[in-house]
Amino acid sequence: MIPVIAKLVLTPMDATAPDVESVFRDFRDCLNTFDTWAERFWSGSALELEQVFNVGEDVTLSAPVFSRTPSAVVATCPAQGSLTLVHLFESTRLVPIGNTPVRVQAIATDGSALGAPLHRTIDASGRL
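When we follow full-length UniProt numbering, the leftmost residue of the sequence shown carries the number 1, and every step to the right adds one.
For the record, the hints were derived by calculation from the structure and aren't laboratory data. Since we're looking at a predicted model, the values are computed, not measured. Any given hint might turn out to be false.
[What the hints assert, rightly or not] Estimated spans, in silico, between C-beta atoms of each pair:
#1 R25 x L128: 40 to 46 Å
#2 F27 x V65: 28 to 34 Å
#3 T60 x E21: 50 to 56 Å
#4 R93 x P117: 31 to 37 Å
#5 R120 x R25: 44 to 50 Å
#6 E50 x D29: 33 to 39 Å
#7 S91 x A113: 30 to 36 Å
#8 L118 x E90: 22 to 28 Å
C-beta: ideal position from N, C-alpha, C; glycine also.
Whole structure, please, built from the sequences with the hints as guidance.
Given below as structure tokens:
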């Protein structure tokens with residue numbers, strides 16, 4: 001059993017004069033503590049998931065969930081075409097990682113930059 005819930009369940013009560021306000025206060029504390037615990041528990045690091053960054057349909061990068069090192073990748077898209085970027089946790093279902101800053105830069109065949117880079121943020125859906 002989760003310790004914060006056990007505290008609420010095991011708190012002794014005076015059967016002749018129960019302190020209802022104390023029970024409600026303990027219950028609110030229990031819920032707040034549980035919410036904090038659940039947010040940490042269900043994070044990618046607790047589940048040991050890797051984060052994955054898909055660029056188009058052909059390029060995929062993987063990194064540990066706690067990695068903060070920027071990654072660079074080159075992908076081809078057709079002229080005047082589109083390129084989909086997806087940031088997610090590696091899982092059987094789509095578990096998006098939103099609010100990810102990205103920089104997209106056009107490059108020439110010799111590897112030099114063409115024009116100014118585009119700075120965007122992947123939204124909460126994990127897609128850009």
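Hint check results:
no.	hint	result
1	R25 x L128: 40 to 46 Å	45 Å, holds
2	F27 x V65: 28 to 34 Å	33 Å, holds
3	T60 x E21: 50 to 56 Å	55 Å, holds
4	R93 x P117: 31 to 37 Å	32 Å, holds
5	R120 x R25: 44 to 50 Å	46 Å, holds
6	E50 x D29: 33 to 39 Å	35 Å, holds
7	S91 x A113: 30 to 36 Å	35 Å, holds
8	L118 x E90: 22 to 28 Å	26 Å, holds
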